[in-house]
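Peer 1: Residue numbers (our numbering), protein chains in the order written: chain A, 1 to 443; chain B, 1 to 443; chain C, 1 to 443; chain D, 1 to 443.
Check each hint, because a few of them may be wrong.
Since the list can't tell identical chains apart, any single copy or any two copies may satisfy a pair.
DSBU-like cross-link-like pairs, simulated, lysine-lysine; straight-line CA separation at most 35 Å [as the list claims (entries may be wrong)]: (1) 300 / 204; (2) 83 / 273; (3) 131 / 204; (4) 83 / 131; (5) 83 / 204; (6) 83 / 300; (7) 131 / 300.
What the hints contain is simulated information worked out from the structure, not anything from laboratory work.
4 protein chains.
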Amino acid sequence: MELSEGTEDRDFSVASLGACRIDSPLAPLVEARRTTEAYVDEGDRVLFDDTISMVAARGLPIERLPSFEPGGPRRRIYFDPAKTRVAIVTCGGLCPGLNDVIRGLVLELTEHYGVRRIVGIRNGYQGFIAKYGRDVVDLTPDAVAGINEHGGTILGTSRGQQDPEEIVDCLERLGITMLFVIGGDGSMRGAIGIGRVVGERGLKISVVGVPKTIDNDIPFINQSFGFQTAFSRAAESIRTAHVEARTVPNGVGLVRLMGRHSGFIACYAALAKNDADFVLIPEVPFTLTGTNGLLAHLRKRVVERGHAVVVVAEGAGQELLNPEGTDASGNQKLSDVGVYLRHRIVEDFEEAGLEINLKYIDPSYTIRSVPANPYDSVYCLRLAHTAVHAAMAGRTEMVVGRWHGRFVHVPMRLAVSRRNQVDPDGDLWMSVLEATGQPARLG
Amino acid sequence: MELSEGTEDRDFSVASLGACRIDSPLAPLVEARRTTEAYVDEGDRVLFDDTISMVAARGLPIERLPSFEPGGPRRRIYFDPAKTRVAIVTCGGLCPGLNDVIRGLVLELTEHYGVRRIVGIRNGYQGFIAKYGRDVVDLTPDAVAGINEHGGTILGTSRGQQDPEEIVDCLERLGITMLFVIGGDGSMRGAIGIGRVVGERGLKISVVGVPKTIDNDIPFINQSFGFQTAFSRAAESIRTAHVEARTVPNGVGLVRLMGRHSGFIACYAALAKNDADFVLIPEVPFTLTGTNGLLAHLRKRVVERGHAVVVVAEGAGQELLNPEGTDASGNQKLSDVGVYLRHRIVEDFEEAGLEINLKYIDPSYTIRSVPANPYDSVYCLRLAHTAVHAAMAGRTEMVVGRWHGRFVHVPMRLAVSRRNQVDPDGDLWMSVLEATGQPARLG
Amino acid sequence: MELSEGTEDRDFSVASLGACRIDSPLAPLVEARRTTEAYVDEGDRVLFDDTISMVAARGLPIERLPSFEPGGPRRRIYFDPAKTRVAIVTCGGLCPGLNDVIRGLVLELTEHYGVRRIVGIRNGYQGFIAKYGRDVVDLTPDAVAGINEHGGTILGTSRGQQDPEEIVDCLERLGITMLFVIGGDGSMRGAIGIGRVVGERGLKISVVGVPKTIDNDIPFINQSFGFQTAFSRAAESIRTAHVEARTVPNGVGLVRLMGRHSGFIACYAALAKNDADFVLIPEVPFTLTGTNGLLAHLRKRVVERGHAVVVVAEGAGQELLNPEGTDASGNQKLSDVGVYLRHRIVEDFEEAGLEINLKYIDPSYTIRSVPANPYDSVYCLRLAHTAVHAAMAGRTEMVVGRWHGRFVHVPMRLAVSRRNQVDPDGDLWMSVLEATGQPARLG
Amino acid sequence: MELSEGTEDRDFSVASLGACRIDSPLAPLVEARRTTEAYVDEGDRVLFDDTISMVAARGLPIERLPSFEPGGPRRRIYFDPAKTRVAIVTCGGLCPGLNDVIRGLVLELTEHYGVRRIVGIRNGYQGFIAKYGRDVVDLTPDAVAGINEHGGTILGTSRGQQDPEEIVDCLERLGITMLFVIGGDGSMRGAIGIGRVVGERGLKISVVGVPKTIDNDIPFINQSFGFQTAFSRAAESIRTAHVEARTVPNGVGLVRLMGRHSGFIACYAALAKNDADFVLIPEVPFTLTGTNGLLAHLRKRVVERGHAVVVVAEGAGQELLNPEGTDASGNQKLSDVGVYLRHRIVEDFEEAGLEINLKYIDPSYTIRSVPANPYDSVYCLRLAHTAVHAAMAGRTEMVVGRWHGRFVHVPMRLAVSRRNQVDPDGDLWMSVLEATGQPARLG
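If we strip away everything but chain A, and leave its shape as in the complex, we get (with noise of 0.2 Å):
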């Protein structure tokens, strides 16, 4: 997860709207204890590194070690609550702990800082747009009550950008000076561009990034809410795919799981139950032909034991299908790797005079429509305290972080740079190694 070492030269500090001049409301839960501690050292940040090596090579002085601004509640902010008009939409695919995302938010603003005036934007940022007709949705505590419970998000969601500057027009219209976004890196575009427009125009709107990807593949977050769920749902479909394989003769169970660009629900879903031979992730090429091959192998495992189990991560292998819509072998190119990896399996165990019986399970919606489990939710509510924290001191352009186990403040356009990925030379890779027994080269 090591950055290069460019990173120096990164810019890690937060956007802010200006100076906190108003004293937080929290004081008063503050001074019942009789200390300050709680709130933010606004002087100290979390720094990037996490190894002596990693220090040493900066050759930099101590205050220049490129950092994080810490996240938490600030003595002074610089929102007025009684004046703060807030929105929050939640854009993309689904994800376990949107509803949690948006009940922590609601509870906080309102409980701690005592907003009064909440809406949420219906089906992602089409909300924001005249012609599509869309209600806003007025979010206050009782409207989010138990809405942890259930997977989805109570503001719906769509895909796709929308032109910043008639975001921006629907925003002065409705009066708001706080826009949270839940969403993926696409949405942080998006709310970059929302950002830009707010600028020009000289608003004072903070705009707050709660960054969401089943995927895990978002930079500078530990781990990404709902990716516990949703691994742990996605152990359950290798089970089932291990029970189908082996109750039949030559019985294959391949499974499709999320991941375009990282493997990690792959990965963590494999060594859950240990109930996979294959692991195919994008952070691996493999092939599938040649005595190396996923082919060979897997023919090997199945005619040894009876029966094997093969997860793919949807990115896994998009080397293996060519950019004009055909395969390698001139094929038509199929609707997603699993699908072809499906079609290849049984036409090669068939050339060969194998028996098979493939199990084909694709369990996308029913791994990210699940309510977060208890960890999640608690995750979720502490990145929307930290989310709301950084919106009421004014910070803009931002998303919350998790870095080191500390909550963190992370510039939009640097959570967009790039992707968290499994390291193929890692631990995490090894002890799926390990578990599976497959070799560490397909080809």
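Using the hints provided, position chains B, C and D relative to the given structure of chain A.
Peer 2: Just chains B, C and D now, with coordinates in the frame of chain A:
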């Protein structure tokens, strides 16, 4: 669930290998309680009819009313446990509870009758046939400990028939005196063939079935094992579809469930959480087009509420796909009704100029591969006990059933003669109509 | 589960407020299907007996055989939906499914009969009594949406009786014409009192009960709602006890379950996972001491296997605690049999010089407060539908039952006249003896 | 979670049995990937500090900053796998994940290092002592297959210390060269004693610990294994209390959770579902009486809302119970704070003339005996892998830790020197205060 008027002509009597002359080894257990009521009264019968009008309409003396032989332990048994050798085979598709039944058979045979030699046949009827080269498995209490906590079947399974002569050759070679077949109606037809050959050769081999059908379509059994587990899991898939559908603009969730001939899983799963707007089952025909067809009603629902969920049993709407492999419009027949509906619904919305976000979910493997829930576990255990009692008493070519809450013996020929179906005039289907709000007739 | 020989003297006929002269609003739904079979045939009856020997022993003409009125929708109803005002009350201890029943009643009344005024009474019968000052709750389809996903009852509950005169005063004040009581046998006795006062005052108020007992001890109902959910959860507690017991030297797990008069939960929970070594239920007396007592057998089991699990229903072994509040030894009576057994087992091991690590588990609240599982959800819905059909048809002082798989009407007086109990000579108890390996007689 | 200023004086260096001269058998796996990055760089260290202010305050050159040795596979190892004989022991109370750790150790040792002789010690340290007469268990991959799906530990456990001399006698007798201790801080103190005797006798036995504490109170480990599983289950108990409390008049749910010294489980469980009104933990003192005490606030809450839920960690409020076994009022000391609070709350309501329906729930066994959830399963596996890598490289008297998201080696003496506790000034506790609405100070 009523039989047709011709019931009284049916033969409810169960075949037997001969007179029971051996004292049941259960005797000490029973004697310790100083009662003989634990034994089944061989002279009694469980009434087929359950209403006064049914009985009256028979016009028969009471003792000639149609009735089943009750299941349970007999004071005297046919087989000498010390000389009994048992084979167990599981056939056809997976169903929650297969391992529970295997375990129940083994424990009852060993712990209570003292039978010492039990073998499992691998991969269904294939396991009897030499060319497949499958070894048998020794089934001891240790070998079955904890297997009920896993889905699938430890014996494996396969589909299709094998030559009954060859199967009986194998039974003779193994010295088997008692064969338990756990399988669906195809498997029971196979078992009838085995019983016929056994009879022709004058062998004394009891052939007893434990009927398996995840669809709950076995006659003379109130609820088939695994059914509750299955529809509970299916309800989760409908929930998934509902969560997905309601979070996108014009979302339609389409869930394809089991149910070739009977819509019980679809009905119960739809009632369990009330997330479905339309339930389509084999027992109730429907049309797609026209002002009262499914498509018009679905469009209306989506326009009014923003989303809808359709649940379709795999055997529903078969009349819409013509037998030559093309649908009524002459298009190539799609592989199943779920895929066909997906295509037609999207096409219909597009023709109407309506946006649609359809999410298609086919959870079959997930539903059938899970371990039995506690109810089904207990039920499997008791079915297995009943099957063992029957076989030890020399009954053959019968399956265990459950009628009016009592375990009964049902001749195999009767068990494959018809199917349980959802009664379109009964209270179950009316409850579904009420819960979904769908019209009583689609088309 | 058989009644005593005196059954034929019992009155199975259900009271009614008068003739049904109003066409059921369900008619269009039924007509659309061009059938009238959906209506219950008012002339038919569900047979009480289920075997030929029972029927023969009656020596009665068929039409006089003991039988129940079948449940279900009637072609003609007694109450005009537009003028119907309904009250619903939940009484006594929690049971999974209470919210499902409330929701089922409200949806059936509103969606299908068009009733518009339904109120919920708060905290059981207390809610009728002025001095407790509880408001009623309006019950609309919106108010009951999703309540079935939570345990407990949205109406609250309380124990104990209230003055029926005062209750009927309240019913009159509210203009109620139909009262649904969801409660146990104490509550049904209360409902009988309410029905009596209603009759004395010449009012036309239907009083219909949905019998609730987590113990499954209601007569004339194959399985009470919530029972499956309850024993499934109880099985987890036995698993806990087993895990705890087997990880320590001489571990004894002792689990106290519900079951004042009936051991169904203990039996089913013990069978579900087979972790129990001894099951003690109210129906089967046992002794502690002596060579064949529980303590001697328990010590033996622990010495042989290193651990053991004892499951005790709360009503078991009451004969060991004398009525004056002291046990047979004159010691102060302990609060319950679980605590008493814990004390006696530890004492006994210590006297025998044996190490013991006893883990005592009393999971009552956990079991009764969970949401209904999918089966119980469907079952509650259908019980509620049956109750509504009965009340709309003017039936009163009756509860809904289920007999031989059919929904039936049972007079309230009959429903409180006896209890379901585990038959010590039946196959359920024999399965428990076989699964645990415990002696048929302890003592 | 910060250490005191004296950190720099602490010794973070890990003991080692000697130089590593053997090529790791992992080499082929690594070489196949043509990379050496999979090996830990022996020269690197993981920083103890995570903020710039902490580092700056040290005033130390970078290479002398406090830091941990990173965990992971080494290029060269100390032990020859062919000659390595391993013992594994589990000590103290149950915790979800014990079987996962055992399985992870066995699989890593056998599959990847090729170690062939691994034994399990029965019932904790007792298993080393002759007088208890416990056999050792052979631990092969087959013996550990699937054990992670069950709670508890297949090795059993016991509490308390045993003579380290006798333990080392046993290790010598068995020819053990590597001992893994899975246990809490008492067990790690025992392991330190074993290491001391090993050193005194000049033996080459590596003693490596996997720290176990359901309370999450181990220092230098971000989250202890089993913690997530535990608090998830604990959240269910709080839900139970909430359901019970809100269905009765003036209902109070009181839930006693683990947490002798740290309130992490109570805090996380309370945040997971937000059903709690008061959370009491060891780190934050409170008083019962007085206008700002718990009792006054609880009464107020119940009067306002009709019900309330109190969660108490077992170590909370110990200052209220005096050391002589009597409480501050001179009453006999009750066995635990939960029982004490139950008594005091009921008494207080009665004195105030308020009805109370208190439901007391102590779910300890239920929480600790469940199987690990998928996250904890993966985490246990990776902790076990790290422990094996460390031991194979000759490290000793250390435990595996996790610091800033990295697996590290922590000297045993350091691991038992202090405890993780909830920071009363940190964001976790502030989130709890916000979620419950309880005052920052009670008393």
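Peer 1: Next, verify each hint and record whether it holds.
Peer 2: Each hint tested on the structure:
1. When the C-alpha separation of residue 300 and residue 204 is checked against a cutoff of 35 Å, the pair qualifies neither within a copy, at 64 Å, nor between copies, at 42 Å.
2. With identical chains, the CA atoms of residue 83 and residue 273 are at most 35 Å apart between copies only, with a shortest distance of 31 Å across copies and 52 Å within one.
3. Taking CA atoms no more than 35 Å apart as the test, residue 131 paired with residue 204 passes inside one copy only; the shortest distance there is 26 Å, against 56 Å between copies.
4. Proximity of residue 83 to residue 131 under the C-alpha cut-off of 35 Å is restricted to the intra-copy arrangement: shortest distance 29 Å within a copy versus 46 Å between copies.
5. In this homomeric assembly, residue 83 and residue 204 come within 35 Å of each other (Cα to Cα) only inside a single copy, at 12 Å, whereas the closest approach across copies is 58 Å.
6. Only between protomers do residue 83 and residue 300 lie at most 35 Å apart by alpha-carbon distance; the minimum there is 32 Å, versus 68 Å within a single protomer.
7. In the homo-oligomer, the alpha carbons of residue 131 and residue 300 lie at most 35 Å apart only across protomers (21 Å), although the nearest pairing inside one protomer, at 58 Å, exceeds that limit.
Hint 1 from the list above is the single one not met by this structure.
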